[in-house]
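**Q** Reconstruct the complex from the two isolated chains, following the hints.
The residues making up each chain are set out below.
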Amino acid sequence: MKLAIVIPAYNEEKAIEEVLLSLPKKLKNIDKIISVVVDDGSFDKTHDIANNHATYAIRHVINLGVGAATTTGLGAAKKLRSDIVVTIDADGQHNPKDIEKIIQPILDGKADVVIGTRMLNAKGMPPLKIFGNNFMNFLTFLVFHKWSSDSQSGMKAFNAKALKKIKLRSIGYEICSEMIGEIQRNKLKLKEIPIEVIYTDYSKVKGQNWINGINVLTKMLVIKIIGK
Amino acid sequence: MIAFVKIISLVLGLMVISKTYLDYKKKNESFFMFIFWTVAWIGIIIVSLFPELINEALEISSAQKIGTGTFLGIALVFLFFIIYRVYIKANRLEKKIHDMVMKLGLKDIDDEN
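Residue numbers (the numbering used here), protein chains in the order written: chain W, 1 to 228; chain D, 229 to 341.
No lab work stands behind these hints: they were computed from the structure. For glycine and all other residues, C-beta sits at the position ideal for the given N, C-alpha and C. Please note that a few of the clues may not be correct.
[To be verified] In silico lysine-lysine, PhoX-like type, Cα no more than 25 Å apart, as pairs: (1) D:Lys323 to W:Lys161; (2) W:Lys32 to W:Lys164; (3) W:Lys165 to W:Lys79; (4) W:Lys161 to D:Lys335; (5) W:Lys165 to D:Lys335; (6) D:Lys324 to W:Lys79; (7) D:Lys323 to W:Lys79.
[Said to hold, decoys possible] Here are some, though not all, of the chain W residues that point toward chain D, as calculated from beta-carbon distances under 7 Å: (8) Ile58; (9) His60; (10) Val61; (11) Leu64; (12) Ala68; (13) Thr72; (14) Gly75; (15) Ala76; (16) Lys79; (17) Ile171.
Isolated chain D, as found in the complex (with noise of 0.2 Å):
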């Protein structure tokens, strides 16, 4: 079970890699996004397969020393928190492309009086 979460963290993070490559070769994305995604898949590659070193680490890191359920749950926080400022300017910019097309639609339509 743990070989094949850490085979499917391994293909997810290299999708994504390649996927913002692909979007940096397209000029979609900016170099330093590109570089941004990299690391960070990059580190959640290396995490997955060895997930020993969040403890090598925190005890590196921490005076006090903290529990990795304790470091998976501030991680959980903060990407809920990235999720829902994603989804909320998502929706702001829904909005904002539904009433310029429904302007655009109705700007032929003359009020009748």
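Here chain W stands alone, though its shape is the one from the complex (with noise of 0.2 Å):
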């Protein structure tokens, strides 16, 4: 079994190699970790630091939004034959220790798709963002009718049938909701499992804000209705 961990990053200099050295080098049931960072056009480190310590390191040429980085980056996994791939995000909000659990349902045959929620276990989240989350979460399953407790929630685990069947176009933020919409098309089996958030001041003023949801909202309905 061979584990790739995809990570989007945008100017993380302050958090990517931190990220990058706490990813765990043995699991359980997996024969192969590999690390794949892409850097979706940062003008800082990010790139520099991803070269020495993860397997990888993509760069997109341009900026185009935490999208288009995760789409590459699940590109790149199915392109070196991953059989199971797991997205974090680059600003330390993750444990890498829960990647050990997202895994475990589809180890188990249990799941295709596994989010880390961290709404069922929303400790330390501000209360705005857990409102925020709440509301996008609202808004998802009203235009692709599936519900998620953390529909934007960035850990999320994928086995290779799901790599295969999901078809994103997002570039932004918007992916989040389009993955729910693509697990609700491919009637893909979903799981949710209770993921730990680390919110230091330097990853509470990354992630998305208020006008963002808008337009969220607005691609989310224009992926519903113009299609991929």
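**A** Set out below in structure tokens:
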């Protein structure tokens, strides 16, 4: 079994080294672990750090958005014939120890996609973020008719079947909602596993804001109406 | 309120015309497009400052008189059609750029058999 850990990153020189160094080196039932950093056109040292510590450091020539970087990372994982792919954020808000937890349902054959949900144990999450995430869950459900307790989570695991079937076109944050739509469209088995969120001053300022919510809704509707 | 709308239209119009002119000077836009946007926005400014001109123009041009509301409705449909076309084109371009950037990023990764 080969596990690829995909990390989309944009100007993350302050956090990415620690994230890469803390990734698991060995996991039960996994023969090989590779890390794939997709630098989305950063103008800091993100790419250099990724070159030093990641198995593969991919660079976007221009900044497109987290969705584009994630799609490229998933494409790389597919090319590298990974059996399981995990995506995590580069800002250090995810605990790498949770990777073992979220791949378990895939290893057991109980899920095609696993979402590491922050909302089932939202301790430490600012109330505004809790409200914002629930609002996005509601919007995602409204557009794609599939409920997730944390549709915007960056920590997800996919098996090879899901990787093959999911077709993404989003380039921004709307990719999280689009993935929920793809899980629904392809009738993939979804499981949610509670994960820990590490909120530092650094990770708190990263992520989505309110205006972006409107943008995400518009893009979701475009994807739904116009299609891919 | 009407005076406020007129001022906003005037300011917006002048902003667009000056931006078009700057783009033309920087050779980011062709002479034809510069003239097109300038004429179009001068027209918009004139109509917003003297809306009664629409009625007069309609009376002169139409054999059968149509109301200002109908005229604005037709204009709105036309504008939304343009917005839709621009949005579709922007989406297609976004996808092409995404595909190109992705291909460039992945070109160094060899297929592992």
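**Q** Compare the structure with each hint and give your call.
**A** Against the structure, the hints come out as follows:
no.	hint	result
1	D:Lys323 to W:Lys161	24 Å, holds
2	W:Lys32 to W:Lys164	20 Å, holds
3	W:Lys165 to W:Lys79	14 Å, holds
4	W:Lys161 to D:Lys335	23 Å, holds
5	W:Lys165 to D:Lys335	22 Å, holds
6	D:Lys324 to W:Lys79	20 Å, holds
7	D:Lys323 to W:Lys79	20 Å, holds
8	Ile58	4 Å, holds
9	His60	5 Å, holds
10	Val61	6 Å, holds
11	Leu64	6 Å, holds
12	Ala68	5 Å, holds
13	Thr72	5 Å, holds
14	Gly75	6 Å, holds
15	Ala76	5 Å, holds
16	Lys79	5 Å, holds
17	Ile171	5 Å, holds
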